[in-house]
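Protein chains in written order, with our numbering: chain P, 9 to 369; chain A, 9 to 369.
I should point out that these hints are in silico values taken from the structure, not numbers from a laboratory. In this text the structure is predicted, and so the values were computed from the model without any measurement. Misleading hints may appear alongside valid ones.
As a list, the in silico BS3-like pairs of lysine-lysine whose alpha-carbon atoms are at most 25 angstroms apart [to be verified]:
#1 P:37 <-> A:243
#2 P:224 <-> A:103
#3 P:365 <-> P:323
#4 P:12 <-> A:12
#5 A:227 <-> P:114
#6 A:46 <-> P:225
#7 A:315 <-> P:37
#8 P:324 <-> A:46
#9 P:12 <-> P:362
#10 P:227 <-> A:225
#11 P:53 <-> P:269
#12 P:161 <-> P:183
#13 A:37 <-> P:103
#14 A:37 <-> A:115
#15 P:241 <-> A:363
#16 A:362 <-> P:114
#17 P:125 <-> P:183
#18 A:37 <-> P:363
#19 A:340 <-> A:315
#20 A:362 <-> A:324
#21 A:125 <-> P:243
#22 A:103 <-> A:165
#23 A:227 <-> P:225
#24 P:269 <-> P:324
#25 P:323 <-> A:37
#26 A:268 <-> A:315
#27 P:37 <-> A:363
#28 A:241 <-> P:340
#29 P:37 <-> A:225
#30 A:243 <-> P:46
#31 A:46 <-> P:12
#32 A:362 <-> A:12
#33 P:103 <-> A:315
Taking beta-carbon pairs under 8 angstroms as the criterion, some of the chain A residues facing chain P (in silico) [claimed, not checked]:
#34 18
#35 66
#36 78
#37 231
#38 254
#39 271
#40 272
Where a beta carbon is used, it is the ideal one built from N, C-alpha and C, also for glycine.
There are 2 protein chains.
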Amino acid sequence: MNKKLYFTVGPSELYPTVAQHVQSALDEKVGVISHRGKQFEAIYKNANDGIRTLLNIPSDFHIFFLSSATEIWERIIENCVEHTSFHCVNGSFSKRFSEFSTELGKKAFIEKADFGKGFYPDKINVPAEAEIICLTYNETSSGVSMPVEDINKFREKNKEALIFVDAVSALPYPKLDFSKIDSTFFSVQKCFGLPAGLGVWIVNQRCMDKANSLLKKGKSIGTYHTLPSLLSKGKDNQTPETPNVWNIYLLSKVVEDFNKKGVDTIRKETELKAKMLYDYIESSQNFSFAVEDVRLRSFTTIVANTKISAADINKKLEPFDMAIGSGYSSYKDTQVRISNFPANSVEQMETLVKKMKELFN
Amino acid sequence: MNKKLYFTVGPSELYPTVAQHVQSALDEKVGVISHRGKQFEAIYKNANDGIRTLLNIPSDFHIFFLSSATEIWERIIENCVEHTSFHCVNGSFSKRFSEFSTELGKKAFIEKADFGKGFYPDKINVPAEAEIICLTYNETSSGVSMPVEDINKFREKNKEALIFVDAVSALPYPKLDFSKIDSTFFSVQKCFGLPAGLGVWIVNQRCMDKANSLLKKGKSIGTYHTLPSLLSKGKDNQTPETPNVWNIYLLSKVVEDFNKKGVDTIRKETELKAKMLYDYIESSQNFSFAVEDVRLRSFTTIVANTKISAADINKKLEPFDMAIGSGYSSYKDTQVRISNFPANSVEQMETLVKKMKELFN
Chain P
9 MNKKLYFTVG PSELYPTVAQ HVQSALDEKV GVISHRGKQF EAIYKNANDG
59 IRTLLNIPSD FHIFFLSSAT EIWERIIENC VEHTSFHCVN GSFSKRFSEF
109 STELGKKAFI EKADFGKGFY PDKINVPAEA EIICLTYNET SSGVSMPVED
159 INKFREKNKE ALIFVDAVSA LPYPKLDFSK IDSTFFSVQK CFGLPAGLGV
209 WIVNQRCMDK ANSLLKKGKS IGTYHTLPSL LSKGKDNQTP ETPNVWNIYL
259 LSKVVEDFNK KGVDTIRKET ELKAKMLYDY IESSQNFSFA VEDVRLRSFT
309 TIVANTKISA ADINKKLEPF DMAIGSGYSS YKDTQVRISN FPANSVEQME
359 TLVKKMKELF N
Chain A
9 MNKKLYFTVG PSELYPTVAQ HVQSALDEKV GVISHRGKQF EAIYKNANDG
59 IRTLLNIPSD FHIFFLSSAT EIWERIIENC VEHTSFHCVN GSFSKRFSEF
109 STELGKKAFI EKADFGKGFY PDKINVPAEA EIICLTYNET SSGVSMPVED
159 INKFREKNKE ALIFVDAVSA LPYPKLDFSK IDSTFFSVQK CFGLPAGLGV
209 WIVNQRCMDK ANSLLKKGKS IGTYHTLPSL LSKGKDNQTP ETPNVWNIYL
259 LSKVVEDFNK KGVDTIRKET ELKAKMLYDY IESSQNFSFA VEDVRLRSFT
309 TIVANTKISA ADINKKLEPF DMAIGSGYSS YKDTQVRISN FPANSVEQME
359 TLVKKMKELF N
C-alpha cells in the first residue's frame, strides 16, 4: 500500500472522491456498457453539462473528449491551420506544441521567451497571416503563467485569428473570458485529479467554421477526430470511436463534486495554498523564486530554485509520506515543482510547508 | 448494483480479475505516478513482455500503446502510405478503415464482399502499386472471419506491400504467423476484458523503415504518434504523451493472468464455447447462421439471423441477469451478436445457451 501524498505536477494526486467513484464504476459496470447506448449518453451529457457549469462556458461552445492534451495540439493544427500558426513559446510544452505545426507541414511563427520568463502582450505583434494564436496559460515546465487579462489583450489586436489557450495544468482555476478566446483545453490528470488518458477540448463555432472551410477547399483535416466528426457524434452525446468511457464517467463525477463545493471556493483555496508556498519560498534560505515577475507566477504549479535537489528533499520527506516534483528536464536538480491542485487540500499543504520549514529551513 | 452478465461484443464483460487489479491500482497509486518514472517503466515493460509471450511475437516486432484501434487505423495510413492502400472490405469496420485512407488524401483500392460474406485470397489480385494491404481477421459487425491460413496467402503473391491485420475483437484467439504479416493491432475492451481507452499496435522493422523513408522524402507522417516517435520513447519503456497509465497497468495484469492460464487453454475454451453457440443456432427454430461459409464463421463474435429482435430477447433474459448484443446498425432487429471472449466463461456460456433454449427454442 502506497500512502504517500504526491505534490507532483503530473500525473498528480487523485481527487479524494475518486476511489469511491471507481467503486461505483465497477458496481454500475461502466467499463462494460456500450458507447452507443443510453447509459453512456447520460454519462457523456453529465460530464459535458458539469464542465459547462463549472467553467461558465457559453452555449455556443462545444466540449469534446479526446485522449490527451497532446492529441488536442495535433487536432488544433490539423483542423484549424491551412498555412500558418503563431505560438508564444517559453518552455518545453509550448515549444512542443509549435513543433507539431511544422511537423504537419505548416509554418509556425514563434514569439520566444527564456525559460522562467513570460510574455507582455502589449509588446507582441502577431503577423497578419497567422491563422491561429497559441497561448499557454500555465507552462508546467517552468511555472510561468499568462494572466487572463493578458490573454484577453490578444483579441483586440487580432480580430481574425483563432485564439487557443492551453490550460492543461490550470483549469478550473483561471476564470477564462470565453468572449475573448476561441478554444481552450485541459487534461484530466492535472487539476481534475483523475488517472491520465483523457483530454477535454472546448471550441466555438469559429473553429468549426475554419475546419469546414478547409474541408471545402479539399484539404485533409484528419479522420475520426476532425471537428465535424466530433460534433456529428457529440450532438448525440457520443464519440466517433470507442472512448475512455471509464474516465469520462470519473470526470463527470469529480466535476459534480467540484460544482457542489463551488468553483469560487476552489479558486480561493488555490490562492490561499499558493500564498503559503510562495511565502515559504520567500522566507527560505534554500529556495528562491524561479519566476521573477510576481504577476506571472503560476497559482497551480509552484516552481522554485533550490540549493537541495528534489531527490534529496524527497529522501527526507519520505518518512513523512510526502513527495514533491523535481525541476523539468535539465532543471531536475536546480529547481523543484510543487503541485497546487484541488486534490492537494489546504490541510495537506499546511503540513507540507510546516515539514519543509522544519527540514530545510 | 448491476449484476447482469453481458455477452455483448464491445465494450464487453470485464475479465473477472479486473476488479481486484483496479483495487491494486488504487493501493499502489498507479493513477498518480509519473509516466517518466521507474515505476511506470516497469509497468510498461511488464505489459510489453507479457503480450510478447502471450502472442509469441518475434523480437524484431515492436509493441506500442495508443488510445484506440480507431487511432491505429489513422496512424497506419499516416506512417506507412505515401500514395496507395488496399483494403478487403466486408463490413462497417473494414469500410471505415478504408475511408481513413481517402480522408488523408491517399488512394484506397477496395476488394468488396457483401455483409456476411468473406474473402477467398486465391481469387484476389492486389494492385502492384498498393503499399499496404489491410485485412480484418474478424469483422465485428458481421461475424465474418478471415482464417489465419488465408491471411498467410497474401504474402506469397505480394512481397513488397506491408500487410496489416486488424485483430480487434479476436486476439489472443488467432495464432497469427508473424513471418507472414508486418503488423497487427487490437483494442483492450474486447477479448482482453478491460475498460476501453487503449489500443495496442504491433509492428515490424519494415513498417518502421517505411515511416522513416516517408520522413526522409519530406512527407508529414504526423506528430507525437509517428512510428519513430513511438519507438524513441518506447525504447525506454515510455510513451511520447502522458498515456492511459491506469489501463496499461490493468492490461499488464490481465495478460499475466492469461499467461498463467495459458493461451492454449484460452483458445481451446474459445472453440468449445463457439461450438456450443453454433450448435444451438443450428438446432434452433428462431435463429440461423448469418455467415454461410462455415470456414469463415468467427470464433469470438457469434452472429445469427433471428426471428426475435435482440431487444425482445434481452427483455426475456433480463430476469436472469443476462444480455446479448443486437445486430449491427441496420441489422439491429434481424441479427444478434454474442461475444465469445475470454471474460465469458465456459460455465456462463452453458448457462446462456441453456436459458436461450428454454426461452426461445
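Checked hints:
{"no.": "1", "hint": "P:37 <-> A:243", "result": "35 angstroms, violated"}
{"no.": "2", "hint": "P:224 <-> A:103", "result": "23 angstroms, holds"}
{"no.": "3", "hint": "P:365 <-> P:323", "result": "15 angstroms, holds"}
{"no.": "4", "hint": "P:12 <-> A:12", "result": "37 angstroms, violated"}
{"no.": "5", "hint": "A:227 <-> P:114", "result": "12 angstroms, holds"}
{"no.": "6", "hint": "A:46 <-> P:225", "result": "47 angstroms, violated"}
{"no.": "7", "hint": "A:315 <-> P:37", "result": "29 angstroms, violated"}
{"no.": "8", "hint": "P:324 <-> A:46", "result": "19 angstroms, holds"}
{"no.": "9", "hint": "P:12 <-> P:362", "result": "17 angstroms, holds"}
{"no.": "10", "hint": "P:227 <-> A:225", "result": "20 angstroms, holds"}
{"no.": "11", "hint": "P:53 <-> P:269", "result": "20 angstroms, holds"}
{"no.": "12", "hint": "P:161 <-> P:183", "result": "15 angstroms, holds"}
{"no.": "13", "hint": "A:37 <-> P:103", "result": "30 angstroms, violated"}
{"no.": "14", "hint": "A:37 <-> A:115", "result": "46 angstroms, violated"}
{"no.": "15", "hint": "P:241 <-> A:363", "result": "36 angstroms, violated"}
{"no.": "16", "hint": "A:362 <-> P:114", "result": "61 angstroms, violated"}
{"no.": "17", "hint": "P:125 <-> P:183", "result": "22 angstroms, holds"}
{"no.": "18", "hint": "A:37 <-> P:363", "result": "22 angstroms, holds"}
{"no.": "19", "hint": "A:340 <-> A:315", "result": "12 angstroms, holds"}
{"no.": "20", "hint": "A:362 <-> A:324", "result": "14 angstroms, holds"}
{"no.": "21", "hint": "A:125 <-> P:243", "result": "33 angstroms, violated"}
{"no.": "22", "hint": "A:103 <-> A:165", "result": "23 angstroms, holds"}
{"no.": "23", "hint": "A:227 <-> P:225", "result": "20 angstroms, holds"}
{"no.": "24", "hint": "P:269 <-> P:324", "result": "34 angstroms, violated"}
{"no.": "25", "hint": "P:323 <-> A:37", "result": "19 angstroms, holds"}
{"no.": "26", "hint": "A:268 <-> A:315", "result": "41 angstroms, violated"}
{"no.": "27", "hint": "P:37 <-> A:363", "result": "22 angstroms, holds"}
{"no.": "28", "hint": "A:241 <-> P:340", "result": "19 angstroms, holds"}
{"no.": "29", "hint": "P:37 <-> A:225", "result": "48 angstroms, violated"}
{"no.": "30", "hint": "A:243 <-> P:46", "result": "42 angstroms, violated"}
{"no.": "31", "hint": "A:46 <-> P:12", "result": "16 angstroms, holds"}
{"no.": "32", "hint": "A:362 <-> A:12", "result": "17 angstroms, holds"}
{"no.": "33", "hint": "P:103 <-> A:315", "result": "60 angstroms, violated"}
{"no.": "34", "hint": "18", "result": "7 angstroms, holds"}
{"no.": "35", "hint": "66", "result": "29 angstroms, violated"}
{"no.": "36", "hint": "78", "result": "4 angstroms, holds"}
{"no.": "37", "hint": "231", "result": "4 angstroms, holds"}
{"no.": "38", "hint": "254", "result": "4 angstroms, holds"}
{"no.": "39", "hint": "271", "result": "23 angstroms, violated"}
{"no.": "40", "hint": "272", "result": "27 angstroms, violated"}
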